[in-house]
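S.K.: Chains as they are written, first to last, in our numbering: chain A, 1 to 158; chain B, 1001 to 1113.
Heads up, some of the hints might be wrong.
[Claimed, not checked] Derived BS3-like pairs (lysine-lysine); straight-line CA-CA distance at most 30 angstroms:
no. : chain 1 : residue 1 : chain 2 : residue 2
1   : A       : Lys45     : B       : Lys1056
2   : A       : Lys8      : B       : Lys1056
3   : B       : Lys1069   : A       : Lys45
[Claimed, not checked] Partial pick of chain A residues on the chain B-facing surface, computed with a CB cut under 10 angstroms:
no. : residue
4   : Ile28
5   : Ile33
6   : Asp58
[Claimed, not checked] Chain B stretches covered by chain A per the calculated footprint, using a threshold of three residues with CB under 8 angstroms from any CB of chain A:
no. : stretch
7   : 1025-1034
8   : 1049-1057
9   : 1066-1075
If you're looking for bench data, these hints aren't it; they were derived computationally from the structure. Nothing here was measured: the structure is a model prediction, and the numbers come from that model. In this text, a Cβ means the ideal position worked out from N, Cα and C, and glycines have one as well.
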Amino acid sequence: MDKNNDIKDYLVGVRRALEAHGAAGDQIDDTIIGLREHIDEELSKESMSLDDILDSIDPPAAFLTVSEQGTGRQLRDIGLAGVLVGGACFVGGLLVIPNIAPEWSEKLAIPLIVLSMIVSFILGYLGRGSREGQAAMLLGASIAVFVLMTNLFGGGSG
Amino acid sequence: MRKLPQSMRKGFSEFCVLIVVGRAENYGYAILSQLRTFEALTFSESTLYPMLSKMKTEGLLRVREATSKSGRPRRYYRLTRNGSARLSDMTTQWADLKDGIDGLMADGENIDG
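Please construct the entire structure, taking both the sequences and the accompanying hints into account.
M.R.: In C-alpha cells form, the structure reads like this:
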C-alpha cells in the first residue's frame, strides 16, 4: 500500500467517526482538509516517516469524543425538518388540497405553498451548517422560483 | 504541568484559539504548534480542527486559502470583527474571574489564618 492509500484510509476513518457522532457536513469537510494539510506539513519536515506521523496524530476514534459535535446533529435535524415540513406543505398545497377538497383550494393552497417556502428558508438557514439545511434552503429557493414562474406564466395566459 | 479537567478545558480552549489567531493570521498546523506549548489544555488534532470549523461557522474566524512557499495549499485563519469582539469579552471575563478567584483564595487564607 502506498503513502496516499495510508493517508486516505486514515482520513476515511476520521470521516466515518465524525459522521457517526453526528458532525455537520461542513465541519467534517473542514476537519478532513485541516488534517490533510497537517499530514503534509509533517511530511515536508522529513523528520518522520508516514507511519510515525499517522501514529503520532489522533486516531479516528478520538474524533468520536469531540465535545461540540452535538451541534452538528442539531443542525442536521433542523435542516431535515425544513425539508420535510416545507416539502409536506408544498405537496399539500399543490396536490393534496386541490384534489381532496377543491372548495378549500383557493383559501388554503396558496397560503400552504407560501408557508412551505418560508419554513424551508428559515429552517434551512438555521441549519445551514449541514447538508440537510442546505437542501432545505434549496427547496425554499426552488419553491420561490416555482411560485414566480407560475405567477408570470399564469398572469400572462389569464 | 497538570492537565485541566475536561469541564474546564472546554471553556478555555476557544479562548486560547482566539488569543493565538488574534496575534496574527495563521494556518492550522502552526496554530496547533503554539497551542501545544500550553500543556494543561492538551490540544490535539481532534480538538483543534473541528473547533476551527465550528468557530468559522459561528463567524468568529475567517479563512483564506493560499499556497505556501513550498507550494503546499494552506488555510490561513484570522479573526473576524465578531471574533475580535469575543476575544475582548473573554479577556475581560478572564480578568474578572481571575480577580474573583484570587480574592476568594485570599479570603480563605485570611479565615484560615
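S.K.: Now look at each hint and say whether the structure bears it out.
M.R.: Do the hints match the structure? See the list:
A threshold of 30 angstroms between alpha carbons decides the hint, and for A:Lys45 with B:Lys1056 the separation of about 28 angstroms falls inside it, so the pair holds. Our distance criterion of 30 angstroms between C-alpha atoms is met by A:Lys8 and B:Lys1056, whose separation comes to about 25 angstroms. Distance check on the hinted pair: B:Lys1069 and A:Lys45 sit about 14 angstroms apart at the alpha-carbon level, within 30 angstroms; holds. With 10 angstroms as the threshold, the beta carbon of A:Ile28 comes within range of chain B, its nearest partner Cβ sitting at about 8 angstroms, so the hint holds.
Satisfaction of the interface hint for A:Ile33 is found here, the shortest Cβ-Cβ separation to chain B being roughly 7 angstroms, below the 10 angstroms cut-off. A distance limit of 10 angstroms between C-beta atoms decides the matter here; for A:Asp58 the minimum to chain B is near 4 angstroms, and the interface restraint holds. For a cut-off of 8 angstroms, the count of residues in the stretch 1025-1034 of chain B with a CB near a CB of chain A stands at 4, and the three-residue condition holds. For the stretch 1049-1057 of chain B, the assignment as covered by chain A holds, since 8 residues bring a beta-carbon within under 8 angstroms of that chain's beta-carbons and 3 suffice.
Note: the stretch 1066-1075 of chain B has 5 residues with beta-carbon separation from chain A under 8 angstroms; the three-residue rule is met and the coverage holds.
Of the numbered hints stated above, none is contradicted by the structure.
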